[in-house]
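K.L.:
Produce the complete structure using the sequences and hints provided.
There are 2 protein chains.
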Amino acid sequence: MLKISKKADYALMALQHIAQVQTGDVTPGRVVNTKEIAEEYNIPLELLAKVLQALAKSGLIESHNGPKGGYLLALSAGDITIARILESIEGPLSITDCSHEQSGETCMQREHCNIRTPLLKVQDSIYQLLSNMTLRDMLGGTPLITIQSST
Amino acid sequence: MLKISKKADYALMALQHIAQVQTGDVTPGRVVNTKEIAEEYNIPLELLAKVLQALAKSGLIESHNGPKGGYLLALSAGDITIARILESIEGPLSITDCSHEQSGETCMQREHCNIRTPLLKVQDSIYQLLSNMTLRDMLGGTPLITIQSST
DNA sequence: TGATCGGAGATCATTATAGTCTCCGACCAT
DNA sequence: ATGGTCGGAGACTATAATGATCTCCGATCA
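Sequence lines, in order, name chains A and B. As numbered in this note's numbering, residues 10 to 160 make up the first sequence, in order. As numbered in this note's numbering, residues 10 to 160 make up the second sequence, in order.
Don't read these hints as lab results, they were simulated from the structure. Careful: at least some of the hints might be erroneous.
You can't tell identical chains apart in this list, so a pair holds if it fits in one copy or across any two.
[Said to hold, decoys possible] Cut-off 20 Å, straight-line C-alpha distance, at most; resulting in silico cross-link-like pairs (PhoX-like, lysine-lysine):
| no. | residue 1 | residue 2 |
| --- | --- | --- |
| 1 | K44 | K130 |
| 2 | K130 | K12 |
| 3 | K44 | K16 |
| 4 | K66 | K16 |
| 5 | K15 | K130 |
Note that the coordinates shown come from a computational prediction; the quantities given were computed from them, not determined experimentally.
P.N.:
Below is the structure:
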């Protein structure tokens, strides 16, 4: 059903929270730790930890160890696209399996497959959609959406 | 990864095939049976059968029983949208679980959820994308098919 | 130096998916 | 009318993906 995973959900929530804390008036620049987010949004602590680790690995947030440690945005909210967030958690986003079959991958249907090309276009459109929306757009409550239906 | 299921893949292939047979020059109006499609595209017969049954149930194709039976498009190719095909197979397409929680459904994160609104907008955009592409659009430019005219 | 933080790996449970098997009823030709 | 060919439908199994948990480690700062 074109569903995104819970982990991706958690990633979005966490990033939104971090961005809000950092860019807000109250405590700008404050680091946010895993526990705080987990409690705020009822997310299993250790699962969220993994999500945040993945985000840190892909360079979207930076981690600070030790007491008073936690996470900070590594980029400005306007530079963090939804596409990048999702890819950090779920790997390259592909609508269909064959879209990323590079080397020895075999698709039983491939030889007579009649839907590969159109599906790749759909996938590309969705990717552009997610690339045109950033974390900043999610903060204001009026996200910017651009549909590019490449027929 | 926003992946669509294999069943949905099969549905698209099958519909594309049926549409091509029906609207093509060779054997216009010919009914297509499950076995023919399964063999052409290397799809497990019984799984494909279920897919086609679902498509028939949702009114995209009409079935004909008995010998010389099979399937026909119930609508013109231009009226069959990708969105409708996917929904026939996978149910209402929702990017996130909470998007369709209607009555008693509870989302642990819901009370403080900060991403619901923007996600719903993304979802809506994707839906529009898939609604603007029809089976007819998928017919252009793909190579195929040689069918043996059965006696 | 010890309590608090993130990093990383293994592990388990649950669910969704893919695929199979079996039986039924409709149809058409002979 | 009857048997072979078709779709309709349900139960069923296997496998993979996901969600979640547990444990141990290293970094850091008071």
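K.L.:
Would you mind marking each hint as holding or not holding in the structure?
P.N.:
Against the structure, the hints come out as follows:
1. Taking the shortest alpha-carbon separations for K44 and K130, neither the intra-copy value of 41 Å nor the inter-copy value of 29 Å comes in at or below 20 Å.
2. In this assembly of identical chains, the alpha carbons of K130 and K12 lie at most 20 Å apart whether taken from the same copy (19 Å) or from different copies (14 Å).
3. Taking the shortest Cα distances, K44 and K16 sit within 20 Å of each other inside one copy (16 Å), while across copies they are farther apart (40 Å).
4. Taking the shortest alpha-carbon separations for K66 and K16, only the intra-copy value of 15 Å comes in at or below 20 Å, while the best inter-copy value is 34 Å.
5. In this assembly of identical chains, the alpha carbons of K15 and K130 lie at most 20 Å apart only when taken from different copies (18 Å versus 26 Å within one copy).
When each numbered hint is compared with the structure, a violation occurs for hint 1 only.
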